[in-house]
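Here the protein sequences line up with chains R and G, keeping their order.
As numbered in our numbering, the first sequence has no gaps in its residue numbers, which increase by one up to the final residue, 226.
As numbered in our numbering, the second sequence has no gaps in its residue numbers, which increase by one up to the final residue, 291.
Calculated from the structure, these hints are not laboratory results.
Note that the Cβ used here is the ideal one computed from N, Cα and C, for glycine as well.
Only true hints are included.
DSS-like, lysine-lysine: derived pairs with alpha carbons at most 27 Å apart:
{"no.": "1", "chain 1": "G", "residue 1": "Lys203", "chain 2": "R", "residue 2": "Lys110"}
{"no.": "2", "chain 1": "G", "residue 1": "Lys127", "chain 2": "G", "residue 2": "Lys142"}
{"no.": "3", "chain 1": "G", "residue 1": "Lys100", "chain 2": "G", "residue 2": "Lys55"}
{"no.": "4", "chain 1": "R", "residue 1": "Lys112", "chain 2": "G", "residue 2": "Lys195"}
Listed next, the stretches of chain R that the computed footprint assigns to chain G, with coverage defined by at least 3 CB atoms under 8 Å from CB atoms of chain G:
{"no.": "5", "region": "84–94"}
{"no.": "6", "region": "98–108"}
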Amino acid sequence: MIQLEQVTKTYPKASRPSLDDVSVGIEKGEFVFFIGPSGSGKSTIIKLLLHEIQPNKGRVHVNSRDVTAMRSWKVPAFRRQIGCVFQDFRLLPNRTAYENVAFALEVIGKTKAVARRVVPEVLELVGLGGKEHRYPHELSGGEQQRVAVARAFVNRPLILLADEPTGNLDPDTSIEIMRLLDRINRTGTTVVMVTHDSNIVNQMRRRVIEIESGRIVRDQARGVYG
Amino acid sequence: MRMKYVLSEVMVGLWRNVTMTVAMIITMAVSLTMLGASGLIFTQVNDMKAYYYDKIEVSIFLDTNVTPDQKNSLEASLKSDPLVREVIYESKQQAYDKFKTMYADTPALIDAVKPDQLPESFRVRLKDPEKYQQIYAAYNGKDGIDTILDQRRLLEKIFGILGSVQTMALVAAIIMAVAALLLVGNTIQVAAYSKRREVAVMKLVGASNWFIQAPFVLEAVVAGLLGSVIGFAALALGKWLLLDGSLRDLTNLLTPIGWGKVLIMLPLMAAVGSLVSAATAWVTLRFYLRV
Numbered sequence: 001m002i003q004l005e006q007v008t009k010t011y012p013k014a015s016r017p018s019l020d021d022v023s024v025g026i027e028k029g030e031f032v033f034f035i036g037p038s039g040s041g042k043s044t045i046i047k048l049l050l051h052e053i054q055p056n057k058g059r060v061h062v063n064s065r066d067v068t069a070m071r072s073w074k075v076p077a078f079r080r081q082i083g084c085v086f087q088d089f090r091l092l093p094n095r096t097a098y099e100n101v102a103f104a105l106e107v108i109g110k111t112k113a114v115a116r117r118v119v120p121e122v123l124e125l126v127g128l129g130g131k132e133h134r135y136p137h138e139l140s141g142g143e144q145q146r147v148a149v150a151r152a153f154v155n156r157p158l159i160l161l162a163d164e165p166t167g168n169l170d171p172d173t174s175i176e177i178m179r180l181l182d183r184i185n186r187t188g189t190t191v192v193m194v195t196h197d198s199n200i201v202n203q204m205r206r207r208v209i210e211i212e213s214g215r216i217v218r219d220q221a222r223g224v225y226g
Numbered sequence: 001m002r003m004k005y006v007l008s009e010v011m012v013g014l015w016r017n018v019t020m021t022v023a024m025i026i027t028m029a030v031s032l033t034m035l036g037a038s039g040l041i042f043t044q045v046n047d048m049k050a051y052y053y054d055k056i057e058v059s060i061f062l063d064t065n066v067t068p069d070q071k072n073s074l075e076a077s078l079k080s081d082p083l084v085r086e087v088i089y090e091s092k093q094q095a096y097d098k099f100k101t102m103y104a105d106t107p108a109l110i111d112a113v114k115p116d117q118l119p120e121s122f123r124v125r126l127k128d129p130e131k132y133q134q135i136y137a138a139y140n141g142k143d144g145i146d147t148i149l150d151q152r153r154l155l156e157k158i159f160g161i162l163g164s165v166q167t168m169a170l171v172a173a174i175i176m177a178v179a180a181l182l183l184v185g186n187t188i189q190v191a192a193y194s195k196r197r198e199v200a201v202m203k204l205v206g207a208s209n210w211f212i213q214a215p216f217v218l219e220a221v222v223a224g225l226l227g228s229v230i231g232f233a234a235l236a237l238g239k240w241l242l243l244d245g246s247l248r249d250l251t252n253l254l255t256p257i258g259w260g261k262v263l264i265m266l267p268l269m270a271a272v273g274s275l276v277s278a279a280t281a282w283v284t285l286r287f288y289l290r291v
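Make a model of the complete structure from these sequences and hints.
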């Protein structure tokens, strides 16, 4: 599903590479944590998978497509197969929960009728039934992140990328979000999550890939934060 | 639905920053008016050249004491000259008649002039009006000739003046256009900034590039079109008030500018206005959004 082959990424003006000769493979349906201290290069992986940045060396394959060689006009269609959640939720403040999710559908050409059918369903799935018409500022952090997850999942993507999705949430809320991601993973969606939340990693007991100074130092099938 | 979304985004975009929009439209209008005026002068000069060059004559004025022999030999050599298309002799009386009709409204001037005081002349039409110099070289200083006058030179002075007016209008149009384009670029940047969250989400969920860019580009196009309509109105007003109004006599002398010609400037101005602003918006977005 996801293949990194000897990927090296050095940001301009950086003294050392963020990712240094990293090779890793992730199968369809896996749930993978990338852990490591700040600046270890774990967020760089998400950016590479999204074709937001390009590696200096090596290849990135997502869903058996070579992302590194992808023409820029093909990127939008490619991103429709990937859902994405972030620490800061990235919701539109002037739109309700429903509108935030519907917006993601409408801008890729889905009709309002499709949105009316699909959006309540996915909001129900993430546990926001009855709160469709609240604005982000009327929702708690956990609820906002649920909206973000609903928006990421509404297209039924093959892969869900989560960049520190619990970074802004308290431990209890974090666990609820993790349950939600776990449920999504059980539908067959590959989930890749970047985090440094040791609690969560220890509870989930999923594959853990630890990165330090741009290199993989551990890759464990049912790992803990360590 | 997508079209409706794009159009409503355009309207919201134009309203959000209405002072900037107005500034953009006004500079665009002024620039396009200048462009239209320059275009009008250009077609006008071409028309006038076609009209006048066909009627242009070289006048060879004869000495007052020219002998009939000199006159005859001159006429014969002009008629056999390969450069010459037509030679017409104008006697003192004919010159006087012309003079009378020309100055019919100033009888004092006509009274002051006697037919005898006006020179006889040969009116020569050339096959190629450009070859005036050769005629001049061949006949200047010959016995019985006083002066040789080329109407083309007079006309060219007029065309020269019109040409420099046209250049001035064009330069003004370009300077205003630069200002207009900077405003378009700035407006688009402001618009893109105020919609940065939406744009980020659209990029994230895989909205196509054209869909992300279309509202911004269309915003610039709408401003360009409004600018061109206002510019055209100014141009039409200028024709109506100046050319058909206070400058009427001058216009008739220079062959009048028809409404048809003014009207043709509208699509020209609209095309230039919308295309140039669309291109500017697009280039701005490429740098600013990196979609």
